[in-house]
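Number of protein chains: 4
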Amino acid sequence: MNSQNKLKIINDPIYGFITIPSSIIFELIEHRFFQRLRRISQMGMSYLVYPGAHHTRFQHAIGAMHLMQKAVQTLVFKGVKISAEESEALYIAILLHDIGHGPFSHAMEHSIVEGIDHESISLLFMSELNKEFNNRLTLAIQIFSDNYHRNFFYQLISGQLDMDRLDYLKRDSFYTGVSEGSINSERLISMLNVVEDKLVVEEKGIYSVEKFIIARRLMYWQVYLHKTSLVAEQLLTRLLKRAKYLVTNGVVINASKHLSFFLNCSITKKSINSEILNEFANLDDNDIISAMKSWQYEDDFVLSNISKMLLNRELLKIEIQIEAFDREYISESKQKLMARYSITDEEASYFVFIGQITNQAYSMKKETIDLFTKQEKTIDVANASDHFNLKALSKKVVKNYMCYPKTNN
Amino acid sequence: MNSQNKLKIINDPIYGFITIPSSIIFELIEHRFFQRLRRISQMGMSYLVYPGAHHTRFQHAIGAMHLMQKAVQTLVFKGVKISAEESEALYIAILLHDIGHGPFSHAMEHSIVEGIDHESISLLFMSELNKEFNNRLTLAIQIFSDNYHRNFFYQLISGQLDMDRLDYLKRDSFYTGVSEGSINSERLISMLNVVEDKLVVEEKGIYSVEKFIIARRLMYWQVYLHKTSLVAEQLLTRLLKRAKYLVTNGVVINASKHLSFFLNCSITKKSINSEILNEFANLDDNDIISAMKSWQYEDDFVLSNISKMLLNRELLKIEIQIEAFDREYISESKQKLMARYSITDEEASYFVFIGQITNQAYSMKKETIDLFTKQEKTIDVANASDHFNLKALSKKVVKNYMCYPKTNN
Amino acid sequence: MNSQNKLKIINDPIYGFITIPSSIIFELIEHRFFQRLRRISQMGMSYLVYPGAHHTRFQHAIGAMHLMQKAVQTLVFKGVKISAEESEALYIAILLHDIGHGPFSHAMEHSIVEGIDHESISLLFMSELNKEFNNRLTLAIQIFSDNYHRNFFYQLISGQLDMDRLDYLKRDSFYTGVSEGSINSERLISMLNVVEDKLVVEEKGIYSVEKFIIARRLMYWQVYLHKTSLVAEQLLTRLLKRAKYLVTNGVVINASKHLSFFLNCSITKKSINSEILNEFANLDDNDIISAMKSWQYEDDFVLSNISKMLLNRELLKIEIQIEAFDREYISESKQKLMARYSITDEEASYFVFIGQITNQAYSMKKETIDLFTKQEKTIDVANASDHFNLKALSKKVVKNYMCYPKTNN
Amino acid sequence: MNSQNKLKIINDPIYGFITIPSSIIFELIEHRFFQRLRRISQMGMSYLVYPGAHHTRFQHAIGAMHLMQKAVQTLVFKGVKISAEESEALYIAILLHDIGHGPFSHAMEHSIVEGIDHESISLLFMSELNKEFNNRLTLAIQIFSDNYHRNFFYQLISGQLDMDRLDYLKRDSFYTGVSEGSINSERLISMLNVVEDKLVVEEKGIYSVEKFIIARRLMYWQVYLHKTSLVAEQLLTRLLKRAKYLVTNGVVINASKHLSFFLNCSITKKSINSEILNEFANLDDNDIISAMKSWQYEDDFVLSNISKMLLNRELLKIEIQIEAFDREYISESKQKLMARYSITDEEASYFVFIGQITNQAYSMKKETIDLFTKQEKTIDVANASDHFNLKALSKKVVKNYMCYPKTNN
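Protein chains in written order, with the numbering used here: chain S, 1 to 409; chain L, 1 to 409; chain V, 1 to 409; chain B, 1 to 409.
Honestly, I wouldn't trust all of these hints.
Claimed, not checked - Quick list of simulated restraints, FRET-style, between CB atoms:
(1) 35/V <-> 400/L: 38 to 48 Å
(2) 321/V <-> 197/L: 53 to 63 Å
(3) 277/B <-> 391/L: 58 to 68 Å
As the list claims (entries may be wrong) - Some chain V residues judged to face chain S by a derived CB distance under 10 Å, without partners named:
(4) 9
(5) 177
(6) 179
(7) 186
(8) 187
Said to hold, decoys possible - Computed cross-link-like contacts, BS3-like style, restricted to lysine-lysine with a CA-CA straight-line distance of at most 25 Å:
(9) 204/L <-> 399/V
(10) 257/S <-> 270/S
(11) 8/B <-> 227/V
(12) 317/V <-> 377/L
(13) 374/V <-> 70/V
(14) 406/S <-> 8/L
(15) 374/L <-> 317/V
(16) 317/S <-> 78/S
(17) 70/V <-> 204/V
(18) 317/L <-> 377/V
(19) 377/V <-> 227/L
(20) 391/V <-> 396/L
(21) 8/B <-> 406/V
(22) 227/L <-> 204/V
(23) 8/V <-> 308/B
(24) 204/S <-> 395/B
(25) 399/V <-> 8/S
(26) 241/B <-> 257/B
These aren't lab readings, by the way, just hints derived from the structure by calculation.
Beta carbons: idealized from backbone N, C-alpha and C, even for Gly.
Can you make the complete structure from the sequences, with help from the hints?
This is the structure in structure tokens:
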């Protein structure tokens with residue numbers, strides 16, 4: 001009751017005022033699980049390329065909830081029945097959809113808690129919160145895990161035009177300053193409707209959808225798969241792998257209580273329990289950065305050098321090309337490094353490595369974006385007349401990259 | 001030479017593209033002293049109120065340098081003579097003006113390295129860099145320390161309309177989403193000129209200057225002196241003071257290598273040397289946050305509770321009023337807390353305390369903002385006809401605040 | 001019924017999408033009386049100074065209606081009771097508030113139909129429309145003419161913070177490109193409330209209100225009272241006066257059917273009837289511009305010269321000063337002109353004349369802007385602590401101007 | 001000399017301040033030929049769909065000149081040699097590129113002065129001005145007519161990425177409020193360069209170019225070829241044709257002096273002379289609107305009805321489809337109208353008619369947009385890897401439309 005009168009409005013650089021729709025939402029935001037997201041960078045280490053990109057999962061989650069409110073308003077205005085319980089569940093589901101993200105958003109997934117994606121952890125957090133909140137999150141959990149009978153609900157959470165994407169594309173474009181990647185989320189939402197339990201876009205929205213797809217593609221090439229971001233992300237993942245490797249082999253290295261916990265134990269999807277989740281709830285970007293600051297003085301060549309590289313932005317060089325890299329070229333590069341610093345092949349492979357990046361602007365195999373025509377037909381946007389190019393954009397683009405130290409040149 | 005071809009342009013959410021004007025500027029930005037600013041929050045813990053406010057001193061410094069380029073272009077276009085050496089020195093001086101900021105921008109100044117302002121430390125860093133860069137920063141240092149014979153140079157670095165203010169007001173308004181605080185920096189710059197070695201604003205800019213002063217005042221009341229920011233900042237300062245107190249009294253508490261250094265030694269303006277500066281160069285926001293995360297488990301009531309408060313955003317209550325607070329009211333509040341948790345008066349005073357905030361939109365005593373009229377006269381903007389209100393705005397406003405735990409109610 | 005499916009959304013450069021809330025609003029917009037506003041420039045001939053300022057009364061009226069929807073939503077959300085009939089009446093009243101504007105918004109009022117302000121004509125149009133729409137505008141008319149028992153309704157239409165001002169200040173700032181004059185209308189609206197049947201602003205909105213007043217003042221000096229606009233407006237008024245004078249004296253001059261009607265007859269507030277209103281409904285900017293284009297070839301020195309001046313932007317010179325102009329200085333200037341072109345004193349007085357402009361940012365005598373404090377008191381914003389400057393801003397500023405031909409120099 | 005001190009800066013809602021680079025540019029803008037552009041709507045009658053679209057050719061021409069300044073700065077910065085004479089000529093050429101536009105931009109071309117495009121008339125005006133300005137426009141005329149030896153100069157005036165397009169796409173998107181059509185002109189310009197006398201875009205600009213093409217396509221479908229705009233433009237053209245037909249057949253209809261001139265005489269490209277050009281220089285939107293206002297009372301069924309339709313926005317219905325319209329369907333519709341109003345087949349064909357619209361986002365046959373790769377190769381953007389979709393976009397899309405009166409339903 002009292003919380004009713006507390007914070008009700010949040011200032012957002014993008015949407016202006018965001019209203020918190022109910023007291024349970026307010027309490028969830030106040031919860032320390034959610035407050036942790038203030039310390040989880042939305043775009044990992046992309047700020048090394050785009051200095052403005054220091055926004056957090058906290059803002060994104062609240063932004064996505066704001067857009068969900070707009071979507072519910074639009075749909076209800078158009079005659080779609082959504083009950084008060086259902087709308088609150090939608091807000092909760094989108095608010096918590098990323099609560100399982102670890103430090104730098106994706107760094108943990110590919111290193112320390114391998115094999116467990118952040119969605120699974122989000123679900124675990126929701127269950128935990130559901131206990132604390134007397135099962136008031138049950139419906140939200142059903143929607144989030146796609147177990148609710150109304151299909152379009154899940155599409156709003158996780159689909160081609162979900163509120164997650166509509167917020168993060170806009171937000172990431174805003175904070176990086178890559179204005180060409182900006183999308184008009186509110187306009188797209190205003191053209192949504194539901195036909196036969198499926199989310200559709202009104203026909204007149206065809207150009208906006210196309211613009212959305214192109215903007216998304218641009219953000220991938222220009223921002224998410226930016227050379228330097230790619231190097232930084234790879235280095236971060238390898239740093240954590242190295243730390244885990246060292247600890248597993250009995251080397252003592254400095255780390256915060258909670259990071260140590262994860263470096264020391266081996267976790268699988270099955271073995272996660274409340275205790276582990278609680279440890280996870282204490283991890284954030286600071287644990288990683290602080291570890292780097294300490295690790296730069298460690299004896300291990302790999303650990304200290306990657307730490308320095310990330311702290312001082314003295315990263316690896318990267319080449320990107322369509323063809324695979326020549327094995328000999330890679331081997332030579334590694335040899336050079338091994339000779340220079342008298343390190344083993346295994347150590348060198350932390351600094352000389354290859355990989356692939358892929359980008360598919362629009363997938364025609366999975367779920368489609370459907371238009372609803374004036375003739376009341378539902379058609380895939382890729383098949384709408386005059387849009388041949390979407391078929392082209394649905395081809396997956398694969399590129400190869402190779403990283404190696406600048407000093408190798 | 002090679003650096004010429006490296007990074008030359010930086011994306012900024014506010015100004016779009018920022019060009020790096022020369023290779024020495026590029027190298028200074030790449031220096032680890034400057035890269036550290038990526039980990040220093042521009043607005044301290046204000047993100048607890050404005051979730052978007054995660055921008056850093058790094059961005060601000062580069063933004064201010066960008067505005068300095070605009071200012072130099074404008075002045076040169078209007079016939080003010082500025083040599084290539086002078087303009088580069090101006091860019092360096094503004095780029096480095098905040099390099100001496102510690103974690104959360106102001107937290108250190110009022111606690112651990114008391115008595116030493118960040119400008120002094122900036123100057124020390126500049127001297128250190130000057131050695132590394134073969135005295136190429138000498139002119140920049142002269143300008144920064146107001147020892148250059150052309151007075152308006154210093155005004156561009158530190159004056160009523162300096163590039164520092166013109167960037168941070170705009171930037172803070174942008175990231176907090178408090179759009180009413182926004183100023184039109186580029187427009188103000190376009191109306192600058194120099195008369196008798198003094199920076200002036202063309203007469204037609206009178207309303208823009210007025211708007212600037214009002215926006216600044218609004219930012220102070222609404223953002224910088226916002227209740228919750230104030231509480232957070234006070235708590236942060238007190239947390240560090242407590243840590244120092246404990247360490248001084250022989251209590252062992254967990255802290256990063258570099259934070260420990262400062263908790264353990266007593267530093268005065270005179271005693272600072274290269275070694276201490278090097279330690280300082282390793283401190284950033286992460287050291288503080290990581291310390292809090294560890295300190296929340298410490299035995300000390302004050303240390304653990306303030307840490308939890310800041311981490312989970314469960315802050316003190318604050319009251320603000322014109323009159324001083326009643327001594328008895330304060331005392332009562334403290335007694336209640338002491339009784340509740342069986343703590344000493346000294347410990348309670350970390351949670352129940354009073355203070356003052358002041359705001360003066362325009363000072364008529366110090367340096368003025370001068371208008372240059374069509375009759376070629378220079379007059380203080382406050383004396384320009386029809387602007388009586390500036391005189392009113394130059395009155396200093398003082399308010400009293402009192403903080404105490406929510407549980408006291 | 002059919003109209004339900006017609007145009008429902010209007011694109012606006014400022015607010016994005018504007019929704020038309022009901023079918024009667026839609027039909028009123030479609031009415032030829034309202035469509036005429038597409039041909040009435042919002043800012044008279046200000047586009048001679050600000051080339052972007054070609055926006056029309058049509059856009060402004062719809063924009064103000066959009067803001068009224070926001071205001072009603074806000075107030076209803078805060079518990080103010082507003083029935084569906086009342087809200088529709090508010091939308092109609094604000095939509096039609098400017099429907100009585102003649103060509104170039106104010107040119108007619110001060111020349112051809114002297115003594116009749118546009119509000120009176122708006123009311124006449126509303127009555128006319130009320131007949132056509134089966135008295136469905138009755139409540140709107142009551143509100144517009146301040147005859148409705150709920151006082152704050154009229155304040156939303158015509159008050160210190162009415163939707164008219166909140167739209168035109170924002171819109172004029174947008175189209176002129178004078179971004180410093182911009183106000184945050186949506187934010188101001190979000191802080192409105194009603195206390196004892198009076199519109200109030202929540203206390204926290206104090207800085208926003210101040211910003212609003214300053215922005216308004218800036219728009220007056222920099223835009224509405226801009227030297228060149230002033231000259232153009234004066235010339236336009238004098239041109240129409242001259243035309244009327246000539247026609248009254250039997251000179252035949254070319255003019256459109258509807259403009260001729262008004263040049264030929266003398267109209268008073270009392271004598272206006274349906275027929276005259278119908279003639280008025282056919283007048284717009286084109287009648288005036290086309291007349292000028294024709295009049296530039298007329299024999300009359302005054303008529304042809306003012307026409308050319310306005311068409312080719314070769315305006316009079318203007319001086320502005322606090323003191324009154326010296327009578328001799330004026331007389332001399334006139335003599336010079338008379339001698340140069342062998343014209344009479346009466347003719348010369350169309351090109352050499354004086355006048356006054358006044359600007360009062362905030363009037364304390366009339367209706368005030370009231371703040372509603374947390375202590376639930378209502379206070380005038382000018383008396384709120386720390387805002388002395390508003391008292392200063394409430395002083396009326398009066399300036400004198402004098403116009404004369406450039407060739408006089 | 002005096003003009004130096006006159007107007008030097010123009011406020012633009014889009015770019016902020018626009019600087020007038022030299023006194024001849026200033027004098028050209030002041031010329032009555034150019035001032036006329038203030039009365040020529042940039043987007044014809046599109047304001048009937050987008051009420052904000054009242055911007056003029058005047059603003060567009062100045063905006064394009066502003067972008068040309070940016071382009072010259074960028075190219076010079078990158079080492080392209082452009083002399084002061086050349087850059088001034090570029091500014092003049094782009095400033096005057098649209099000076100030959102008649103009322104509503106395109107209405108005349110397809111009706112009254114058929115067979116003469118506005119570029120030809122622009123060239124005639126330039127020649128006329130060249131006489132007045134003592135041949136100081138000679139170089140500009142060479143560039144504008146593609147007779148200058150440096151090819152990329154013409155590309156800046158009229159090419160795939162010319163300053164004309166870069167301004168009008170941005171400007172039209174801004175004023176219509178169709179924000180998805182916005183392009184980042186300044187960013188595109190910043191990536192231009194010249195290789196072998198040909199304008200190229202740096203490779204990293206590939207996504208920006210793609211975005212530009214998509215935005216342009218969207219503007220065509222959503223704005224320039226918008227159903228209602230299309231109807232209005234067709235009606236306007238037919239109205240003027242009807243007027244000319246009537247006059248040619250001896251019917252006396254009311255029209256301004258200058259419009260009458262063109263209704264009465266038959267003009268071919270060859271027959272245009274100074275006198276005709278002078279008449280043309282007096283025509284603008286007002287002549288057309290005023291004519292309509294008069295013509296709505298004429299006896300001729302076609303003339304009066306189209307006039308009313310355009311004035312009161314009661315337009316024809318339009319259907320658009322890929323296939324051609326059935327002849328019988330068209331015939332039936334016409335018959336119905338003929339019967340209803342007892343009009344001839346010829347008269348009815350003004351209200352029932354068919355036509356085609358085409359849209360080609362990117363033409364691969366004509367001039368291409370070339371990228372300049374890091375390997376210093378020049379390649380067509382359509383052949384750059386991963387951009388198959390541009391090939392698709394280069395297919396021309398043709399659609400059929402049919403218009404008929406609403407009353408026919």
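Starting from the hint list further up, note which numbers the structure goes against and sort them upward. 1, 2, 5, 6, 16 and 25
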